[in-house]
Amino acid sequence: MIYKEIGKVLENKALIKDSIYLITIDLQNIAKEALPGQFVEIKTGDLPLLRKPISIFDVDKNNGLVSLLYQVRGKGTKNLSGFKSGEYIDIIGPLGNGFTIDKKEQEILLVGGGIGIAPLYYLGKELKSKGNSLKFILGYSCKDESYAVDFFRQVAEVEISTMDGSLGCKGHVGRIVEKLDISKVTAIYACGPEPMLKYLKKFEQEVDLELSLEAYMGCGLGACISCVCEKTDGSYARVCKDGPVFKGKEISFNE
Amino acid sequence: MIYKEIGKVLENKALIKDSIYLITIDLQNIAKEALPGQFVEIKTGDLPLLRKPISIFDVDKNNGLVSLLYQVRGKGTKNLSGFKSGEYIDIIGPLGNGFTIDKKEQEILLVGGGIGIAPLYYLGKELKSKGNSLKFILGYSCKDESYAVDFFRQVAEVEISTMDGSLGCKGHVGRIVEKLDISKVTAIYACGPEPMLKYLKKFEQEVDLELSLEAYMGCGLGACISCVCEKTDGSYARVCKDGPVFKGKEISFNE
Amino acid sequence: MNKLHCDLGKLILKNPVTVASGTFGSGKEFKDFYDLSQLGGIMVKGTTLLPRRGNQPQRLVETAGGVINSIGLANGGVDDFLNNILPEAKDYGTAIIVNISGDTTDDYGRMAEKLSVPGVAALEVNISCPNVKHGGIAFGTVPDMAREVATMVKNNTDLPVIMKLSPNVTNIAEMGAAVESGGADIISMINTLIGMAIDIKNRKPIIKHIMGGYSGPPIKPVALRMVYQVYKTVKIPIIGMGGIMNTEDAIEFIMAGASAVSVGTANFVDPYTPLNIIQGLNKYVEENGLSSYKEIIGAVHR
Amino acid sequence: MNKLHCDLGKLILKNPVTVASGTFGSGKEFKDFYDLSQLGGIMVKGTTLLPRRGNQPQRLVETAGGVINSIGLANGGVDDFLNNILPEAKDYGTAIIVNISGDTTDDYGRMAEKLSVPGVAALEVNISCPNVKHGGIAFGTVPDMAREVATMVKNNTDLPVIMKLSPNVTNIAEMGAAVESGGADIISMINTLIGMAIDIKNRKPIIKHIMGGYSGPPIKPVALRMVYQVYKTVKIPIIGMGGIMNTEDAIEFIMAGASAVSVGTANFVDPYTPLNIIQGLNKYVEENGLSSYKEIIGAVHR
Ligand SMILES: Cc1cc2nc3c(=O)[nH]c(=O)nc-3n(C[C@H](O)[C@H](O)[C@H](O)COP(=O)(O)OP(=O)(O)OC[C@H]3O[C@@H](n4cnc5c(N)ncnc54)[C@H](O)[C@@H]3O)c2cc1C
Ligand SMILES: Cc1cc2nc3c(=O)[nH]c(=O)nc-3n(C[C@H](O)[C@H](O)[C@H](O)COP(=O)(O)OP(=O)(O)OC[C@H]3O[C@@H](n4cnc5c(N)ncnc54)[C@H](O)[C@@H]3O)c2cc1C
Ligand SMILES: Cc1cc2nc3c(=O)[nH]c(=O)nc-3n(C[C@H](O)[C@H](O)[C@H](O)COP(=O)(O)O)c2cc1C
Ligand SMILES: Cc1cc2nc3c(=O)[nH]c(=O)nc-3n(C[C@H](O)[C@H](O)[C@H](O)COP(=O)(O)O)c2cc1C
Ligand code: FES
Ligand code: FES
Numbered sequence: 001m002i003y004k005e006i007g008k009v010l011e012n013k014a015l016i017k018d019s020i021y022l023i024t025i026d027l028q029n030i031a032k033e034a035l036p037g038q039f040v041e042i043k044t045g046d047l048p049l050l051r052k053p054i055s056i057f058d059v060d061k062n063n064g065l066v067s068l069l070y071q072v073r074g075k076g077t078k079n080l081s082g083f084k085s086g087e088y089i090d091i092i093g094p095l096g097n098g099f100t101i102d103k104k105e106q107e108i109l110l111v112g113g114g115i116g117i118a119p120l121y122y123l124g125k126e127l128k129s130k131g132n133s134l135k136f137i138l139g140y141s142c143k144d145e146s147y148a149v150d151f152f153r154q155v156a157e158v159e160i161s162t163m164d165g166s167l168g169c170k171g172h173v174g175r176i177v178e179k180l181d182i183s184k185v186t187a188i189y190a191c192g193p194e195p196m197l198k199y200l201k202k203f204e205q206e207v208d209l210e211l212s213l214e215a216y217m218g219c220g221l222g223a224c225i226s227c228v229c230e231k232t233d234g235s236y237a238r239v240c241k242d243g244p245v246f247k248g249k250e251i252s253f254n255e
Numbered sequence: 001m002i003y004k005e006i007g008k009v010l011e012n013k014a015l016i017k018d019s020i021y022l023i024t025i026d027l028q029n030i031a032k033e034a035l036p037g038q039f040v041e042i043k044t045g046d047l048p049l050l051r052k053p054i055s056i057f058d059v060d061k062n063n064g065l066v067s068l069l070y071q072v073r074g075k076g077t078k079n080l081s082g083f084k085s086g087e088y089i090d091i092i093g094p095l096g097n098g099f100t101i102d103k104k105e106q107e108i109l110l111v112g113g114g115i116g117i118a119p120l121y122y123l124g125k126e127l128k129s130k131g132n133s134l135k136f137i138l139g140y141s142c143k144d145e146s147y148a149v150d151f152f153r154q155v156a157e158v159e160i161s162t163m164d165g166s167l168g169c170k171g172h173v174g175r176i177v178e179k180l181d182i183s184k185v186t187a188i189y190a191c192g193p194e195p196m197l198k199y200l201k202k203f204e205q206e207v208d209l210e211l212s213l214e215a216y217m218g219c220g221l222g223a224c225i226s227c228v229c230e231k232t233d234g235s236y237a238r239v240c241k242d243g244p245v246f247k248g249k250e251i252s253f254n255e
Numbered sequence: 001m002n003k004l005h006c007d008l009g010k011l012i013l014k015n016p017v018t019v020a021s022g023t024f025g026s027g028k029e030f031k032d033f034y035d036l037s038q039l040g041g042i043m044v045k046g047t048t049l050l051p052r053r054g055n056q057p058q059r060l061v062e063t064a065g066g067v068i069n070s071i072g073l074a075n076g077g078v079d080d081f082l083n084n085i086l087p088e089a090k091d092y093g094t095a096i097i098v099n100i101s102g103d104t105t106d107d108y109g110r111m112a113e114k115l116s117v118p119g120v121a122a123l124e125v126n127i128s129c130p131n132v133k134h135g136g137i138a139f140g141t142v143p144d145m146a147r148e149v150a151t152m153v154k155n156n157t158d159l160p161v162i163m164k165l166s167p168n169v170t171n172i173a174e175m176g177a178a179v180e181s182g183g184a185d186i187i188s189m190i191n192t193l194i195g196m197a198i199d200i201k202n203r204k205p206i207i208k209h210i211m212g213g214y215s216g217p218p219i220k221p222v223a224l225r226m227v228y229q230v231y232k233t234v235k236i237p238i239i240g241m242g243g244i245m246n247t248e249d250a251i252e253f254i255m256a257g258a259s260a261v262s263v264g265t266a267n268f269v270d271p272y273t274p275l276n277i278i279q280g281l282n283k284y285v286e287e288n289g290l291s292s293y294k295e296i297i298g299a300v301h302r
Numbered sequence: 001m002n003k004l005h006c007d008l009g010k011l012i013l014k015n016p017v018t019v020a021s022g023t024f025g026s027g028k029e030f031k032d033f034y035d036l037s038q039l040g041g042i043m044v045k046g047t048t049l050l051p052r053r054g055n056q057p058q059r060l061v062e063t064a065g066g067v068i069n070s071i072g073l074a075n076g077g078v079d080d081f082l083n084n085i086l087p088e089a090k091d092y093g094t095a096i097i098v099n100i101s102g103d104t105t106d107d108y109g110r111m112a113e114k115l116s117v118p119g120v121a122a123l124e125v126n127i128s129c130p131n132v133k134h135g136g137i138a139f140g141t142v143p144d145m146a147r148e149v150a151t152m153v154k155n156n157t158d159l160p161v162i163m164k165l166s167p168n169v170t171n172i173a174e175m176g177a178a179v180e181s182g183g184a185d186i187i188s189m190i191n192t193l194i195g196m197a198i199d200i201k202n203r204k205p206i207i208k209h210i211m212g213g214y215s216g217p218p219i220k221p222v223a224l225r226m227v228y229q230v231y232k233t234v235k236i237p238i239i240g241m242g243g244i245m246n247t248e249d250a251i252e253f254i255m256a257g258a259s260a261v262s263v264g265t266a267n268f269v270d271p272y273t274p275l276n277i278i279q280g281l282n283k284y285v286e287e288n289g290l291s292s293y294k295e296i297i298g299a300v301h302r
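Residue numbers (this note's numbering), protein chains in the order written: chain G, 1 to 255; chain A, 1 to 255; chain U, 1 to 302; chain C, 1 to 302.
Calculated from the structure, these hints are not laboratory results. Note that the coordinates shown come from a computational prediction; the quantities given were computed from them, not determined experimentally. Glycine included, C-beta positions come from ideal geometry on N, C-alpha and C. Among the clues, some could well be false.
To be verified - Simulated DEER-style distance windows between Cβ atoms: (1) G/Asp46 - U/Met1: 30 to 40 Å; (2) A/Leu47 - C/Asn282: 24 to 34 Å; (3) U/Lys235 - A/Lys247: 24 to 34 Å; (4) U/Lys235 - C/Gly93: 54 to 64 Å; (5) U/Glu286 - A/Leu47: 45 to 55 Å.
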């Protein structure tokens, strides 16, 4: 079930000033049904006209709260960062399919690049509660632009790479993955920039690879067919409805 | 000289909640040159796109302050009411011609209807300082929607009419004017709704009648020729540049 | 009495508020929000004779307060519609209007024939697409081609035929007259304006297909003007659309001459927009003491 | 070297940023704000052979984030321009480009002749107005009529002739080709889209003249698309306009194919817009290591 809710903002705090924010919103219905890897569509103001898709970072089912981790990029996310505690915000969700979470006692890598780490926290919590053994691999541009690491640390072991080497391993997250003994890993779940996802595709045979994609969205509901990505069979799939999570094998990054 | 200034808001207070506001802005250049009856053009936000024309209510030449009295009608004036002390606002002015103020020791009526009272305060102060004897005649819809009367009382005698008779004389301001001994009056200066101005036109032969008009404005600078009113000779005049103040005789209210 | 009862000649709707083709899927995607039977009608997303993959992404972008799209008529084809979509849609309790596009005049005829089945309330004929037999010139930009399509569809169906006009023409009244003379029962208008947006960083059009259809609030003044002009020229009813976001917008279209309206891009912004407008129109009719919303159709012409 | 030096064939401007006709008067009204010699050029407000009172008010309204106007070419006539406006304007130190409108092809010829005097840098020919000898159809909507006007103006002046295209046509490329073949030296585009807004309280069009020209940010996607299409078709340079509010907008137009730009409605919003854009272009050229802004003209076509 998809809901349109006008939720009260409980907190909207900068993790990095003018750049990375964590917002928590009272969204009773959405919280009830939200699955890891799903996202919401937010009306951030009069303009931009379109809603903005943001992944679900965390859910507090007991209290009906949804948290979102977001990066200010343009007008929409800038508007979002302006919401204050006590104000109300218009949100549609939960949307999309989400990651496969019926896994038990497996060894799973959760790989995130930049703001793509957002959906991995709630995902990690769910997978851990089912007895899986996890490792987060998080990529940032540099130490000063790293964030939310402590959240992930509370769930499982975290390894970090930065492009400039100022924190953790130098280079993109692949630098870490390639050093691991992948033979014990049964699944890799990832979200982040396309080059990172493309890189991970090389593990599509060895592990259950699931990739969360981004695409420019109109409706977010599967109706307008604007947010497509190309599948291996040459057909198009809707990122908002058929995704945002796809099996690595399904997706071709040709276009 | 016309200036574009980014002025600091000193105060923006509601005289009637959500309806009538008085804003005071630090506008050094505009304050220096502003004449009674002139107006400014305000950028109230991203949208509306166009600036909004508002008359100059008061000027503090010593401190470089300009005050505006305004009524919330649509999005532009609503935005204006949202400015807080300390914020900055983008204003162009002073614009238009203004009332004739080189009068001395005359008996002058200053007639205002609704928010049309705005330009009469500064005008009254200037005319009084030149030794003229003044009377304000202010028309409101009802007692609860009357405002700023105390300002005017400080300058000269005030008579009030309200449409429902809840304050002062019942009916439009004409009810008051028609009871006065007009023979001693040498000038009537007026601003307000068109029916009121039309009514006053009947005094155009007996007194110096000056009427401040409104028109929908594009540029406010005389460039786009959109804000025209019809003159008695059938030609059009620009309210923003040739006006907003016109001699009663000049203006036909045919269109 | 239902003061919003909407009579478009051969097509009767429970109210004059429909949803525009391409912005509402087949309705299914909006079912979670409300009971679709409240809608006047659903213009189903553009259907073609054969399945189409559609254009390469990026297919959509917001610009200038509106949206540019170039979906390229991605759809499963008419048989898929009949087999997989209609069986569910016909039970929504609202008029299902199928929006059809063809490469040739014959395509339109064959689709009309195939779609003349129970459950389909009317056909909306999209003529903004290129005529492959005429060098890719859009059917909707040449009066004779538009007229021919109208006649072809009429000859192949007993359903009410709605011809959907493209605004990218010099003389919209002439296009209206052409489709009326071709036999159209109803005109819907406007389709999208052709627009473009450029990514100055990459020095490329943002939309992969270069140009796309521009919709949303910015096109409303053009749409209103065209409805006004076509109303003056034709006798058949008009379904107005283009940037309708709220009740006031809908009333503007009705006063310009539309007998019904269609909500497009606004569905992305707030899926409840059509319902809000139905509610708003009911309120407007009450507050103004009208016996039917019809009293204001074309009001600015009087 | 001036990296914004702008070469439009017969017309050389100090930079590619001009102000659009009808939005800047003759320049006088903006003199308080800055030294006009900084501008690439001023398209003076529309001039006609004889004085015109213009249309009845209300002449302008903001709608949908843009503006609709119907001024009706209010102006003092060409003699008034020559006697009372040009003597002052020619000393502004910028190119004075006179925008002319006629009721007939002959009108254009006579105005071109009269205006071929020192101080006038070029003529911009507005063909969005009705041809009274052809049932009021706008010159700019029929290729042959537009071509004839171009030729007529060319035959009566040695000044560079800029033909200003109307966007209210089916095929803008065809119009571009027509005026080029008629002898135009430069194309400027776009003029306003025809739009309408309705006052639902009074059940009347807000603009007294019913329809008006729609300008500002909402028309930018259409304008960009048309510049793109005309650039593909013609060899003469294009001056692009339509909703330009800032440097990024100007760069979009240049990348679409414009060799210069014109700022219109934005002058009402912020009179400094043209200067901000000149500054912004200078910065862009520096930051991107270009030897001239010309390197990005038509960049999206490559
Ligand atoms: C499924 C999904 C989940 C996402 N989750 C997150 C998240 O958890 N945290 C986060 O910070 N960001 C997330 N994003 C990205 C986020 O949607 C964009 O950063 C945001 O839309 C930017 O909007 P803007 O107005 O701030 O910037 P703009 O200047 O409008 O756009 C900047 C860039 O953001 C992207 N974008 C803009 N509008 C849209 C749109 N309507 N649909 C999709 N992409 C758009 C485009 O790539 C664009 O170039 C997600 C995107 C998708 C598709
Ligand atoms: C010379 C002049 C002086 C004015 N002085 C004052 C004043 O001192 N105090 C005050 O409260 N109001 C004054 N007004 C009126 C004020 O400009 C309008 O109330 C304001 O523009 C409304 O804008 P909005 O966006 O709030 O409402 P909207 O909903 O946009 O408009 C409401 C009405 O305001 C008028 N209006 C809107 N835009 C413009 C425009 N660009 N130019 C002119 N009129 C417009 C129209 O009549 C419109 O129907 C003055 C107007 C003029 C022309
Ligand atoms: C994403 C999208 C897809 C569309 N697809 C179609 C289509 O398949 N067939 C059609 O006739 N019109 C299509 N349209 C046009 C709309 O039906 C409508 O005519 C137009 O968007 C104007 O209305 P609006 O401004 O309210 O959106 C589409 C519009 C959008 C935004
Ligand atoms: C108030 C107004 C008056 C205009 N007058 C003229 C005119 O006289 N001649 C002309 O060719 N274009 C005229 N235009 C059109 C502009 O020059 C320009 O082509 C159009 O507004 C698009 O640019 P913009 O969106 O930047 O305003 C006028 C536009 C406006 C807004
Ligand atoms: S955004 Fe509309 S189908 Fe995905
Ligand atoms: S508003 Fe432009 S001339 Fe008066």
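Evaluated hints:
no. : hint                            : in the structure
1   : G/Asp46 - U/Met1: 30 to 40 Å    : holds, 37 Å
2   : A/Leu47 - C/Asn282: 24 to 34 Å  : holds, 29 Å
3   : U/Lys235 - A/Lys247: 24 to 34 Å : violated, 52 Å
4   : U/Lys235 - C/Gly93: 54 to 64 Å  : holds, 59 Å
5   : U/Glu286 - A/Leu47: 45 to 55 Å  : violated, 31 Å
Checked against the numbered hints above, the structure breaks hints 3 and 5 and satisfies the rest.
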